[in-house]
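Put chain G on the given structure of chain H with help from the hints.
In case you want the letters, here they are:
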Amino acid sequence: MNFDLTDERRMLQDTLRRFLTDRYTPAARNAILDSEDGFSAEIWSALAELGVLGALFCEADSGFGGAGFDISTVFEELGRAGVVEPLLDTAILGGGLLADLGGASQRELLGAVIGGTLHLAFAHGEPNSRYDLSRIETTASREGGNLVLNGRKAVVVNAEAAEYLIVSARESGGPDDGDGISLFLIPKETEGLSLRGYPLISGGRAAEVVLDNVALPETARLGPAGGAFPAMQTAVARANVALAAEALGAMETATGLTRDYLQTRKQFGRPIGTFQALQHRFADLLIELEQARSAVINAAGHLEESPEIRDLHIAAARNLIGRAGRLVAEEAIQMHGGIGMTREYELAHVAKRIVMTDHRLGDTDWHLERFIALASA
Amino acid sequence: MDLSYSPQELAFRDEIRAFLADRLPDDLRAKVRGEGELSKADMDRWHAILQQKGWLAQNWPKEFGGAAWNAVQRHIFEEEAARADAPRIVPFGLGMLAPVLMKFGSKAQQDYYLPRILSGEDWWCQGYSEPGAGSDLASLKTRAVRDGDHYVVNGQKTWTTLGQHANRIFCLVRTDPDAKQQEGISFLLIDMDTPGIDIRPIVLLDGSREVNEVFFDNVRVPAENLIGEENKGWTYAKYLLTHERTNIAGVGFSQAGLDAVKRMARTRMQGGKPLLENPHFAARLARVEIDLMAMATTNLRIISQAAAGQAPGVESSMLKVKGTIIRQEINDLARRAAGPYAMPFPSETIEGANEPRIGPEGAGPAAAQYFNNRKLSIFGGSNEIQRGIIAKVKLGGGK
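Read top to bottom, the protein sequences are chains H and G.
Counting in the working numbering, the first sequence runs from 1 upward without gaps.
Counting in the working numbering, the second sequence runs from 1 upward without gaps.
In isolation and in its complexed conformation, chain H is listed as follows:
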């Protein structure tokens, strides 16, 4: 039993924290939030140069990390600073699937992903699928020598910046079957593929994607025909560890800001942190923060286990962090009072990041249901 980070991960953590403290200031971030692209290309290249993207891939995939605790270390720091750059989409989901399923020529793109010159997006969710991973109505059917895709993809984060979309489509089976799902690596300019982009409430951008008779060669398929689902589950498991860790980092920041505010803000002639009504609520936040940290450790530490054990710990972590995160975000705003409501103040952004994490890849209740199903299996 050992709960210390390895020296390498501690170095990664220090480097990333220093860089973000220095460069990702609230002012810089607010400028990024207001920008047209929704993220900073400059920050992105710098993160690549620092090796942050490489840390999310294993050595066989040209990286130098890729394990659960590499992901949690990186994303906790990203969350702490409220980073909106699409590491989850380009590296964990897009890059992860490419590394796991790609043929030799597809895998050649990994170098550019890790080098920070190529963006990806995972175009999977659909208007009617909500969080259910296997519910896919987009179809891929054979016409002559081509595969033709038709369907709609919902809230595809980073779609506009991505050179390639990784699109899920059904080649066989019913709308809820895991079997029959294929993935396709599609250049964004492909005919029949259209995007309607928009900004997101907690930063970054996404798009509604329409696939209207998108004709692709067989070589566009990523992984086996109809057999991509297990790899999708793995990529989503890694993404869930990232999301949990990101929320944890953001919760740390929200709690730290609240601590400072309780110590300095005076009402009725004394710091509000001397009032018991607030002290006890603050203590509860700290307790839940420790629980959230343990949940991330459990999820990251079981990421390389069998899918059943892995997913049980992930569902547990996302449920706990969904509950604890909401508590921290709401209580931090409440204890700040009016200032917590302003967009300018740092808390607003991290509070939004925490809460909106709960809308990606399953919310608190969805993960509770999943936990129940996995625990009774």
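Derived by calculation from the structure, the hints in this document are not laboratory data.
It cannot be assumed that every hint is accurate.
[Unchecked claim] Some chain G residues flagged as far from chain H (calculated, every beta-carbon gap over 12 Å):
hint, residue
1, Asp191
2, Val211
3, Glu230
[Unchecked claim] Some chain G residues close to chain H (C-beta under 10 Å, calculated; not the full set):
hint, residue
4, Asp14
5, Val72
6, Met192
7, Thr194
8, Met293
9, Thr297
10, Asn299
11, Ala307
12, Val321
13, Arg387
[To be verified] With a cut-off of at most 30 Å between alpha-carbon atoms, the simulated DSSO-like pairs for lysine-lysine come out as follows:
hint, chain 1, residue 1, chain 2, residue 2
14, G, Lys103, G, Lys232
15, G, Lys375, G, Lys262
16, G, Lys394, H, Lys352
17, G, Lys392, G, Lys103
18, G, Lys375, G, Lys141
19, G, Lys392, H, Lys352
20, G, Lys394, G, Lys31
21, H, Lys266, G, Lys394
22, G, Lys103, G, Lys238
23, H, Lys266, G, Lys392
24, G, Lys232, G, Lys262
25, G, Lys31, G, Lys238
Idealized CB from N, CA, C, for every residue including glycine.
For chain G alone, coordinates are given in the frame of chain H:
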């Protein structure tokens, strides 16, 4: 990061498991499961079994006859013992007084008292709380006045756990009424047979008799029974509190409790289906199980810090608050799982007679345990006191 036990720790756990399977008597196991109340003889018997193996005084150094286990080993034992439904080791002499004796007691006191704790000859209880001094312990009023080579003690202690079995009590008494609250307190060892001591039971809401009131009326205590220096008792009491907070999270108890709830919910039917499949019940159960999974890791994180020599600070307060919330939630689920069979309250459950059980296994004691464990968030520094400690340390300043 490595979440699993080392091979040595796993071997240790297997040794504990085998010992519990082999040496824990079935009748004790049944009583711990709630089929009856443990008598003094039961507890003494379990202590003797452990002592024979050298595992009774787990945190004591070897030179005093202890096992000298580290924090991880103690945690493993506690977890396994709870899962096996073993009686809890009575902590007053072994876990609470003994460390104080070793640190602040005289050689003569150590030589006399420590072996008697190990042998079971002495059964200690704790004289801290008073009717006017609970969470605000430093306001205690029981007076000890020096008279020659004795102290004369007058006053009242309360909530004295298992005092009815004890032949000795360690007390916080006020020796200087003019000093600042914490500074006029001394730590005194008192023989319960001394004339002037009267002990009366307090029956709790579940019918159990585990706490008492102890009255002192001109009780003459030899001055040699003072620990350390006069008026330094508060320091010793605080030492006791910070160093004896192992198993404060009660993870093992919660795991055993959760297993019991699941057993019951698998067989209790509602709407033609096992209660375990009822979505509302299943959701509550899952939430507390998720909290407990995280708590187990939080606990291990803090234990491994302690094993590495870091003194626990507010972490023990955090474990206390969250650990007790989880245990109480599990008690509530057990009560609900029992359904109407949570209501029967035959005196046999308390007196341990050999009547056939009413209702399914686990249902009988569910409500009593629920009520009894309301104490968890009250004793040992209420959860409100713990939150105050956390906030004071983390926010500074305080009042």
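To see whether the hints hold, each was checked on the structure:
With 12 Å as the threshold on Cβ separation, the claim that G:Asp191 sits away from chain H holds: the shortest Cβ distance comes to roughly 41 Å. With a cut of 12 Å on Cβ distances, G:Val211 stays outside the contact zone with chain H, its closest approach being about 27 Å. Every CB of chain H is more than 12 Å from the CB of G:Glu230 (nearest about 35 Å), matching its label as outside the interface. With a least beta-carbon distance of about 16 Å to chain H, the hint placing G:Asp14 at the interface is violated under the 10 Å criterion.
Hint status for G:Val72 relative to chain H: holds, with the closest Cβ pair at about 7 Å, below 10 Å. Nearest Cβ of chain H to the Cβ of G:Met192: about 38 Å, over the 10 Å cut. The hint is violated. Because the smallest distance between the Cβ of G:Thr194 and any Cβ of chain H comes to about 42 Å, over 10 Å, the interface hint for this residue is violated. Because the smallest distance between the Cβ of G:Met293 and any Cβ of chain H comes to about 5 Å, under 10 Å, the interface hint for this residue holds.
Of the supplied interface hints, the one on G:Thr297 holds, with its beta-carbon coming within about 4 Å of a beta-carbon of chain H, less than 10 Å. Taken as an interface hint, G:Asn299 checks out: its beta carbon lies about 9 Å from the nearest beta carbon of chain H, inside 10 Å. Hint on G:Ala307 holds. Least Cβ distance to chain H is approximately 9 Å, under the 10 Å limit. A hinted interface residue such as G:Val321 counts as satisfied when its beta carbon comes closer than 10 Å to some beta carbon of chain H; here the least separation is about 6 Å, so the hint holds.
With its C-beta approaching chain H no nearer than about 4 Å, G:Arg387 sits inside the 10 Å limit, and its interface hint holds. Under the criterion of a C-alpha separation no larger than 30 Å, the hint pairing G:Lys103 with G:Lys232 is consistent with the structure, at around 13 Å. Only pairs whose Cα atoms come within 30 Å are accepted, and G:Lys375 paired with G:Lys262 is accepted, the gap being roughly 24 Å. Using a Cα cut-off of 30 Å, the hinted pair G:Lys394 and H:Lys352 holds, with the two alpha carbons roughly 25 Å apart.
For the given pair, G:Lys392 sits about 28 Å from G:Lys103 by alpha-carbon distance, which is consistent with the 30 Å threshold. Straight-line distance between C-alpha atoms of G:Lys375 and G:Lys141 comes to about 24 Å, which keeps the hinted pair within the 30 Å bound. With a C-alpha separation of about 29 Å, the suggested pairing of G:Lys392 with H:Lys352 holds against the 30 Å cut-off. The suggested pairing of G:Lys394 with G:Lys31 is violated, with an alpha-carbon distance near 42 Å, which exceeds 30 Å.
For the hint linking H:Lys266 to G:Lys394, the alpha-carbon distance of about 17 Å falls within 30 Å, and the restraint holds. A distance of roughly 12 Å separates the Cα atoms of G:Lys103 and G:Lys238; the hinted pair therefore holds under the 30 Å criterion. Between H:Lys266 and G:Lys392, the direct Cα distance comes to roughly 17 Å. Compliance with the 30 Å bound is thereby established for this hinted pair. Of the supplied pair hints, the one linking G:Lys232 and G:Lys262 is violated, its CA atoms being roughly 49 Å apart against a limit of 30 Å.
Of the pairs offered as hints, the one joining G:Lys31 and G:Lys238 is violated, with about 34 Å between alpha carbons and a cut-off of 30 Å exceeded.
Checked against the numbered hints above, the structure breaks hints 4, 6, 7, 20, 24 and 25 and satisfies the rest.
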